[in-house]
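Student: Model the full structure from these sequences, guided by the hints.
There are 2 protein chains.
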Amino acid sequence: MVTQKPAIPKGTRDFGPAIMVRRNYILETIKKTYQQFGYLPLETPALENISVLTGNYGDEGDQLLFKILNSGDFLSKVDKADIDQGYKKLLPKISNKGLKYDLTVPFARFVAMNRHEINFPFKRYQIQPVWRADNPQMGRYREFYQCDADVIGSESLICEAEIISLINQILNQLGIHDFILKMNHRSILAGISEEIGAPDKVAVLCVAIDKLEKIGQEKVSRELEAKGFTPNSITRLFEILEVSGTNQEILSKLSQLLKKSTPGTEGLKAIQQIFAYADNLVIGDHRVQFDPSLARGLSYYTGAIFEVQVNNQEIGSIGGGGRYDDLTSIFGLPGVSGVGFSFGVDRVYDVMEKLQLFPEFQNTQSQVLVTIFDDTTVIHALQIVRELRKQGLTVEIFPDTVKLKKQLNHAHKKSIPFVIILGPDEIANNQLTLKNMATGHQTSQDLNTTVNLINSTQSK
Amino acid sequence: MVTQKPAIPKGTRDFGPAIMVRRNYILETIKKTYQQFGYLPLETPALENISVLTGNYGDEGDQLLFKILNSGDFLSKVDKADIDQGYKKLLPKISNKGLKYDLTVPFARFVAMNRHEINFPFKRYQIQPVWRADNPQMGRYREFYQCDADVIGSESLICEAEIISLINQILNQLGIHDFILKMNHRSILAGISEEIGAPDKVAVLCVAIDKLEKIGQEKVSRELEAKGFTPNSITRLFEILEVSGTNQEILSKLSQLLKKSTPGTEGLKAIQQIFAYADNLVIGDHRVQFDPSLARGLSYYTGAIFEVQVNNQEIGSIGGGGRYDDLTSIFGLPGVSGVGFSFGVDRVYDVMEKLQLFPEFQNTQSQVLVTIFDDTTVIHALQIVRELRKQGLTVEIFPDTVKLKKQLNHAHKKSIPFVIILGPDEIANNQLTLKNMATGHQTSQDLNTTVNLINSTQSK
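Those sequence lines, one after another, are chains P and L. Using numbering that gives the first Met the number 0, you'd call the opening residue of the first sequence number 0 and step up by one each time. Using numbering that gives the first Met the number 0, you'd call the opening residue of the second sequence number 0 and step up by one each time.
Do not take every clue at face value.
The list makes no distinction among identical chains, and a pair is therefore deemed to hold if it is satisfied within one copy or across any two copies.
[Said to hold, decoys possible] Capping the alpha-carbon separation at 27 Å, the derived lysine-lysine pairs in DSSO-like fashion look like this:
1. Lys413 / Lys9
2. Lys4 / Lys87
3. Lys87 / Lys9
4. Lys76 / Lys88
5. Lys76 / Lys92
6. Lys30 / Lys412
7. Lys353 / Lys210
8. Lys92 / Lys79
Simulated from the structure, these hints should not be mistaken for lab results.
Tutor: What follows is the structure, given as structure tokens:
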């Protein structure tokens, strides 16, 4: 047997118990709110056919797909000549499956496959890991969870307002109050493209201004110049993007600036309508900010786009989404519009840890540890464990007959609030000795009284 | 844009809402019981280094690993000569990661990596998918969930009794009463090997008799003969395995038969002790059956082994496990014994569906659908949705202004028990019309009364 130094692949993580409890708190909060809004659960496999995955995330996204080697002799259909052509040509001959890159494309694939059984509009949520062969760095992993909510089969802007309401409610429940939900519309970006004299370059424009926060105006300008934008059009672009004020002020200024553009005018009208709906739907304040410079990288968005940022946290966005009018058509189902949002649970976690927003978690750990005095008392200890569990308590038993001190120390390290000590005297008198680990206080009483004591004296 | 017929890889599945609700019911039941026994949650990545995965599952298992192609130019370190040597030689040069095959080996890897932070004995549960490039067939998938509970760092047989108790409690809660928990001990199999004159062939013996139920005695005999067992030893083997009666009868007969074998005697003593513990720990009856022919395929088991079967269901086992004394030593942590159990949730699901053990699920779907009368009433409808959600109801709004009949039909298809109709009259009178979808009955009242009606009249 060869001993090896154990390691996990870079960009992946183990989640030990302390982290799991906190992650589950976030996931449960998100899940409950998704359910309260009528989204239904869906899960799709980690594995997808390469043909489903490629072509939806842009060239850069395709590069980041994890590919699975075909099983068995993957070289059986490969010629020498294939290998001479390099790895890109070889790839489709040795791999036909990959790991999913997001939850939206598999969702579109599911909808297209099950179109006859689905009642539209179809609202689903999906909480699963996705994989990207990205360069791991602070807050960016190769395997991470997404939490998506989408509705497909309705063009109504009420769906967008629902998403605003959803985001607001979830973040409020998690205690994250100092956030901004940025919104824009791809038609407004198309309008800006028209207005600056580059109507056919909206895709390039989106990719460039998506980097604005990261690399700054100067570098974006240079990138746009390299892509054929004139200096005049770039100047005009930043004049438009610099428009400031309240949402209503920005909307009315842009309405003037883009009044000659049909898509621009339509996009602004849509944003106005979404805000009006949200004003009547969101519980409490909503922190939506119209931001004409928001672009989002993904190529499949066609309408409203969203992004959530937490103020004063250098962590990028904690979620994003948008409307896609044509995602299912690549799977043979045209004319079905959808809109959705995705939380990045890892970044939500990091923000909550930094801002100390996690409540104290106690109940997930055992309420009481039953210790074993010596070999003669084991059977009695097991019977006590059985009775305590019958009454619904979360109980563990220390399995080895080691010194009591070591057993108490184990309870202490695991933050178990109570320990039951059960020696020959206690057994003879039909009593249990209960030690409160926080106070050190010990009392002896019968089993039912012990259960009551544990249930009533939950350490805070 | 090229239209493609959407499909998922063979052996994988989508879980739509109706299935998800049932799966979650099973997973939540298992999870809660694991927690009540003091197991703590753990998750490990889907991706593991190939070096961690290989060598633990036998040759056959290694063949079934899904391997991930290295990112970027995976041919950069490959010579022409490597390719001539065939795919097995090429494999390690183009792939250094794979998908996990079970949850036990990654758990052992985690324990070895975190040995200094872990409080032993360490009890963890883990509910995650695993992947096997197996030939898909009825009840066997390439991507499926395992639900594991393990304790590591104690040799106490109380741990085995806890697992018996755990299995019993979970299956009782799920309503699966007609099951058998088969148990054996690898030392008893070693004893049988000794007794039949093949002490060095216990591993071969395990692999062969593991197939007994599937392929029958004759084929197993032929396999053993081919592996060098004498006809005498095979005859003797089946004499021993045919011993029948109650657990105590089989134990005492085998004690006679294996009395000359040290491991055999020790294994029988261990089983006896585990049963004595379980008698005092399990709530209600326990359905443990000592079965000397139970072998389990996996090579890392060294002590007690478990397998759960449901009677009269031709579905194989719904779970299994055992003790492993040396699993962490390949990761540099010797001398740490562990024991665990794993439920196969897909098979549990199939059994429950066949036996109609699922309760009716209602609460996961919306309690009420708010309809939209026309464009002039949208804002009012949104306000009603907001108020209902504030009061904790699960509410969805039909987003489009289509005919009321179509909206009612949507509620009917989704089994939403109530619909709110909100026309100009209702708005003028500050009333809501509530339609009970089961009875067709309609009433009009104010919002608070409506909430009370919905909460009190949950259709059964």
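Student: I'd like to know which numbered hints this structure contradicts. Please list them from smallest to largest.
Tutor: The structure breaks only hint 1.
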